[in-house]
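Chains A and B, in that order, give the protein sequences.
Using our numbering, read the first sequence as starting at 1 and increasing by one per residue.
Using our numbering, read the second sequence as starting at 1001 and increasing by one per residue.
Honestly, I wouldn't trust all of these hints.
Computed footprint of chain A on chain B, listed as stretches where at least three residues anywhere in the stretch have a Cβ under 8 Å from a Cβ of chain A [what the hints assert, rightly or not]:
id, region
1, 1018-1025
2, 1044-1057
3, 1093-1106
4, 1219-1227
Partial chain A-side listing against chain B, Cβ under 8 Å, derived [claimed, not checked]:
id, residue
5, W72
6, D131
7, M132
8, A269
9, T276
Calculated directly from the structure, the hints in this document are not laboratory data.
The beta-carbon is built from N, C-alpha and C at its ideal position, and this holds for glycine as well.
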Amino acid sequence: MQYIEKPTNSIQRTLDRLPILGDVLRQPLGVVGFAIVLAFVISVLFAPLIAPYDYARQDIPNRMQGPSTTYWLGTDHIGRDIFSRLVYGSRIAFGTAIPSVGIALVAGIFLGLIAGYAGGVVDNVIVVFMDMLQAFPSIMLSLAILALLGPSLINVIIVIGLTWMPNYARVIRAQTLSVREKAYVEAERSLGARDRAILFSHILPNVIAPALLLAAMDLPWVITFEAGLSFMGMGVRPPSPSWGAILSDGFNHIFESQWPILWSGLTLALTTLGFTLFGEALRDVLDPRLSGTRGL
Amino acid sequence: MLFYIIKRILMTALVLLLVVVFLSLLVHIVPGDPATTILGPRATPGLVQKMREAMDLDKPLYVQISNFVWNLLRGSLGVDAVTGAPINKLVGSALPHTLILAISSLGLAILFGIPMGVYSATHPNSPADRILAVLSISLTTIPSYVAGLFLLLIFAVELHTLPAMGIGKTGDIWDYVRHLILPSVALAITWIGYLSRLVRTSLLEVLNETYIRASRAAGLSERLVRYRYALKNALIPTVAVLGVGLGSLMGGAVFVEIIFTRPGMGLLIYNAIQVRNYPLVRAGVLIVAILFILTNFIADLVYTYLDPRIQLNKRQG
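Using the sequences and the hints given, assemble the complete structure.
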């Protein structure tokens, strides 16, 4: 066994390259991205301290006001403070994005490992299943499922998890296919190691890094996806301040006040931009080979 | 090649069959009866039974699926459970609007995205390149519904220069185009940024290839080298992406059609979902899935045609 050199696994390699953040912050756009992500995280953690009002508090006499010293970003159609709603909305964005990407990641890793390792019929069945899930534009698949499950936060999380899962399964499957043939896996097998042990202790650590990076890059898309579903009334229920719901309220009163659309649209676009810039800087640092699509 | 196409068509048929089974299964997994949901709690049992029959729900699952597939093979998508209209007619009137929207957005993306990418790649690291890079990454991160709402605010609500709703008067092509401008720009914005980045990367790669350097060394004009030789090869990956793009633009069209009340497939499916009009949802989603698969397939074929080095059957792995 000691004659076959086992490669240090990719997590180890990644950790060896700390401080990653320092490298990310050496890129100007990485700094911008990091600042936006940091602001987002602070807003998620300290929402009750930052928001001047409760997100559901109504001040009907002062409805649809523009920005003022009392209401920094103005009020919506029933006099709720837009700034407070946006701050609390970050919690919904975060609370949807993390578990749904988590579900997609775990399920995708599991199916991808099995497909890549088992091969044959099992592989074909899993691949056809993934093809089926990806045969729809993801928004259509989600709408069709949500139409039947009914709109709620949990259902949105499940649906996003299901829609995003094939991406991870594909990445993990492709990696597993190549790692499966490596000498150290052969060696484990000939020493009588069980499949489960080989899969989870030897293959998984070597194939997981690209999927984790993909997950980080997917976060902003999942956030806009959830907001899109909430915009269509298929996401979280009112009065929850999802950014998409704020946009939707604004859309319904577009001729009376432009502020809700303006602020929630800007918040969504800026958050997505921040996460994308940060994710790309991170990717360039961790895995320069992947930086093919980077514009800078 | 022929073998590949046949294999691919069989796989596509299998995936589509699974899509139908999946959509039919969905309604059974969920607690509650779609017929009761449509008719409301005060419907008489007789009415509910009629509605169930209209939606084929009184039959076992395999009969439902085989009926649906059989009708589909005969070219019928079934009957709308709520209005009783043939679904073919509804889809027939909605689909062109969505296709026109998707194609014109793609056209806009090509029109702006490719020149932006070419300019960046031919002036690498210049101030303009950096500005274009920040611009295109910013464009990719604006969701289509945010772009749509902002355009609506600026051009329809504030400036009153472009119409906000519908598709205009029937028969008036100029009016139709005017109604198409805001929705297609909203849908194109992400893709302008995306194409620009893609073209920049692939053109930069091609410009470093030896045959480009050889052409330059042979004294060919820079213009000829860049636009005739390099760009042609650099656009190959773009073609593959455009195929996927047309499909995903049809998905993104849902938002834009809601915002601008365009009577396309997105709005049709969305409205059907609102009233739990299950047969219409199933048929509509299936049509979009078929188009989605078809455009990917065509893009793959075009891709091999443009770059004979790519062997389709070897790309399967």
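Hint check results:
1. 1018-1025: holds (count 4)
2. 1044-1057: With 0 residues close enough to chain A, the hint is violated.
3. 1093-1106: Violated - the region 1093-1106 of chain B has 0 residues with a Cβ nearer than 8 Å to chain A, which falls short of three.
4. 1219-1227: Per the Cβ count (0), the hint is violated.
5. W72: Since the shortest Cβ distance to chain B is 20 Å, the answer is violated.
6. D131: 5 Å, holds
7. M132: This hint holds: M132/A lies near chain B, its Cβ roughly 4 Å from the closest one there, short of 8 Å.
8. A269: 5 Å, holds
9. T276: With Cβ-Cβ at 5 Å, under 8 Å, it holds.
Consistency with the previously given hints fails for numbers 2, 3, 4 and 5, ordered from lowest to highest.
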